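Start from the sequences and build out the full structure, keeping to the hints where you can.
First residue of the sequence shown? That's 135 in this note's numbering, and the numbers climb one at a time after it.
These aren't lab readings, by the way, just hints derived from the structure by calculation.
Here the structure is a predicted model, which means the values were calculated and not measured.
The reader is advised that the hints may include incorrect statements.
As the list claims (entries may be wrong) - Computed spacing ranges between beta-carbons, pair by pair:
hint, residue 1, residue 2, range
1, L308, T288, 17 to 25 Å
2, E241, G302, 16 to 24 Å
3, E212, I283, 16 to 24 Å
4, M282, V232, 22 to 30 Å
5, N242, Q294, 38 to 46 Å
6, T222, S349, 39 to 47 Å
Note that CB positions come from ideal geometry on N, CA and C, so glycine has one too.
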Amino acid sequence: MNKNVASTVHKNANGANNWIKFINASPPPTTNLSNPVVQKHEKKEIEVVAIDCEMVGIQPDGQRNMLARVSIVNSKGETIYDKFVKPTEKVIDYRTPVSGIRPEDIENGETFVTVKREVSVILKNKLLVGHAIEHDLRVLKISHPKHMIRDTSTYWKFKQLTEGRTPGLKRLTLHFLGANIQEGEHSSVQDAKAALQLYMLARKDWELILKKRRSRPRNGNKSGPQQRRNR
Numbered sequence: 135m136n137k138n139v140a141s142t143v144h145k146n147a148n149g150a151n152n153w154i155k156f157i158n159a160s161p162p163p164t165t166n167l168s169n170p171v172v173q174k175h176e177k178k179e180i181e182v183v184a185i186d187c188e189m190v191g192i193q194p195d196g197q198r199n200m201l202a203r204v205s206i207v208n209s210k211g212e213t214i215y216d217k218f219v220k221p222t223e224k225v226i227d228y229r230t231p232v233s234g235i236r237p238e239d240i241e242n243g244e245t246f247v248t249v250k251r252e253v254s255v256i257l258k259n260k261l262l263v264g265h266a267i268e269h270d271l272r273v274l275k276i277s278h279p280k281h282m283i284r285d286t287s288t289y290w291k292f293k294q295l296t297e298g299r300t301p302g303l304k305r306l307t308l309h310f311l312g313a314n315i316q317e318g319e320h321s322s323v324q325d326a327k328a329a330l331q332l333y334m335l336a337r338k339d340w341e342l343i344l345k346k347r348r349s350r351p352r353n354g355n356k357s358g359p360q361q362r363r364n365r
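Below, the structure written as structure tokens:
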């Protein structure tokens with residue numbers, strides 16, 4: 135079985151048809167998928183990629199996560215990496231109704247060591263987008279600079295939709311993009327594209343807020359007249 139699953143759609147993945155409508159629809163007015171983020175103080179453009187992983191449950195009770203599939207898309211929404219991952223431990227729960235993962239998918243998958251190395255190379259020096267991305271990085275056993283991460287589950291404007299609680303990717307995508315995802319088995323490619331599109335929609339305001347935060351004095355003191363000596 136081909137280890138690259140970019141074109142794989144299981145027959146029970148009901149969200150596939152809705153995703154076709156989504157990617158063929160006109161992008162939101164503020165969305166520009168072709169332009170990477172550019173920091174004014176830097177001449178070099180910062181590439182943007184989005185990631186999502188599917189996981190299976192391992193011992194002892196199937197509640198522990200193990201990587202089963204990882205997908206990465208570029209700033210244009212094109213899939214640049216998509217592989218099943220061979221299990222390193224006994225799988226207790228494939229979580230197929232949600233993950234879409236079946237035994238035959240990962241039995242012939244790529245080794246975890248190889249996937250980790252390849253993903254690390256792709257993510258290096260990239261602005262990384264994802265939803266609840268700490269789970270993906272944890273299961274990949276890799277780290278990424280915090281200032282280079284854009285997590286759609288923590289962006290404050292998105293959290294307004296759920297009154298400050300962590301919003302689900304499905305709800306955000308339906309509300310802000312008008313697309314239904316995750317109606318059946320999940321697709322890590324689909325979810326990565328959805329997170330990317332959400333980021334691109336909010337990118338202008340999101341980056342402006344971060345820029346203002348970075349420009350604040352670290353000691354918290356306001357610049358201005360010298361403080362009085364007498365207190």
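Hint-by-hint comparison with the structure:
1. Here the CB-CB span from L308 to T288 is close to 19 Å, well matched to the stated 17 to 25 Å.
2. For the hinted restraint 16 to 24 Å between E241 and G302, the CB-CB distance of approximately 30 Å leaves it violated.
3. Evaluation of the 16 to 24 Å hint for E212 and I283 yields a pass: the beta carbon distance comes to about 21 Å.
4. Taking the beta carbon of each, M282 and V232 are about 29 Å apart, inside 22 to 30 Å as hinted.
5. Roughly 44 Å separates the CB atoms of N242 and Q294, a value that falls within the hinted 38 to 46 Å.
6. Separated by about 45 Å at the C-beta atoms, T222 and S349 satisfy the suggested range of 39 to 47 Å.
Hint 2 from the list above is the single one not met by this structure.
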